[in-house]
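Asks: Chain by chain, the residues run as shown.
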Amino acid sequence: MKNHVWRPLFVALAVVGCILFVRTLLVPSDFGVYERGYMYGWHRKGNEAEWKAVRVKYKTAGVCRECHQDKYDAIRNSAHSSISCENCHGPNYDHPKDPLGLTIDRSRSLCIRCHSFLPYKASDRGGIRGINPETHHPQAECVLCHIPHNPKPMNQKREVMS
Amino acid sequence: MMNRREFCKKAMIVVGGIALPLTALEVFNPTRLQAEKEGTGKVRWAFLVDTQKCVGCGFCVKACKIENEIPYDANVTRTWVERYVVTRDGTTHIDSPKGARDGFTTAKIDQNSDGMLEVPPADIEKAFFVPKLCNQCDNPPCVQVCPVGATYQTADGVVLVDRSWCIGCGYCIMGCPYSVRFFHPVYHVAEKCNFCYHRISQGMKTACVDACPFGARRIGNLRNPDDPVTKVIMTERVNVLKEEYGTKPQVFYLGLSKEVK
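Chains as they are written, first to last, in our numbering: chain A, 1 to 162; chain H, 163 to 423.
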């Protein structure tokens, strides 16, 4: 066959080769089909390790216990025993080395997450002792009267002050 | 010219060729098939939510946002809690202000631009809270629609997003029937709950599970028959969200009500 017929074919092959070459440069070597098959497992394997390397901020109450056994025991025996330390004290990060965490939240808005009374019988919320935040000493912080680590008996601080 | 005999012969070949599916030419590979259908690993993460125990405190949402570095004041979140209030006249009010990051502290229902709705306690037929998060579906539609392979499922069933590979087309955000995906306000790529992959892969529980004071959220391994969460899923009356979509969600709910969508 004549040369002018073959020439476009060579150009097309060169373009294809060029694309394949650029592809090997751009696509990471660990990109491929993994455990979940082509439809769900087509990805860059190295990304799994990147997600595993995300920094843990909430270290759980078990880590608090290593140094603060007394506080840990006090709250374990109270009505607030199920609440994790970090829910109120803020995420641990690398305490005590890193001061970023442990932003203690003593605010009213934290307490009323559970203790603003809602009449929802279909949920356990209806069974939690609660107040109406609009009428129950709206200007005062809860911790002025209530001790969060030992909420029972009520109003201990007020009794001490009087 | 073609005679009748020849025509019939050729027609048979053509019809036979068309009828032969492409998959019949694929070499049968049992290990690959098993990997695709059942998985070979020892771990398959699943989640259990008890809607009776949830009180709508929102500690899970707060912990999730901090743990997973989702900008705290941006109105996006990987997990959220919905409140359902069904009144005596049969209407269902649903709200989730800020995804319940600050909990539900008032009986008034947030109706966005229509203001706050006051429902008298006597009118409430039933009211409850439903935590939502990524279902880590066994047939994740979000993964199917990704054109570049930036979102994928790991061997233990968690769907992840490769931030360096995502092009931000948003197909997965549209494709998820549960609306758990959103654009990360900082990285401008698709973002979703990944069961705190950095925590569960080193033996910890997810941040939301650790933050929940009421045991409403639990995580477990479906391939371990002795796992307490697996036992509940196998032996108690659990339900999943939007089963009709065929996504095979792996977040199981105890005490789900028919109003929940």
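These are computed hints drawn from the structure, not numbers from a lab. Some clues are possibly wrong.
Said to hold, decoys possible - Each pair of labels, with its calculated beta carbon distance range:
hint, chain 1, residue 1, chain 2, residue 2, range
1, A, Ser109, H, Asp285, 25 to 31 Å
2, H, Asp264, A, Asp73, 40 to 46 Å
3, A, Ala12, H, Ser341, 29 to 35 Å
4, A, Val16, H, Gly377, 26 to 32 Å
5, H, Tyr349, A, Lys97, 37 to 43 Å
6, A, Arg65, H, Pro347, 49 to 55 Å
What the hints assert, rightly or not - Partner residues aside, some chain A positions facing chain H, computed with beta carbon under 7 Å:
hint, residue
7, Phe10
8, Ser107
9, Cys114
10, His115
Treat the numbers as computed from the prediction; the structure is a model and nothing was measured. Beta carbons are placed, not taken as given, at the ideal position from N, Cα and C, and that holds for glycine.
Asks: For each hint, tell me whether it holds in the structure or not.
Replies: Hint check:
no.	hint	result
1	Ser109(A) x Asp285(H): 25 to 31 Å	holds, 27 Å
2	Asp264(H) x Asp73(A): 40 to 46 Å	violated, 30 Å
3	Ala12(A) x Ser341(H): 29 to 35 Å	violated, 45 Å
4	Val16(A) x Gly377(H): 26 to 32 Å	violated, 59 Å
5	Tyr349(H) x Lys97(A): 37 to 43 Å	violated, 28 Å
6	Arg65(A) x Pro347(H): 49 to 55 Å	violated, 36 Å
7	Phe10	violated, 31 Å
8	Ser107	violated, 10 Å
9	Cys114	holds, 5 Å
10	His115	violated, 9 Å
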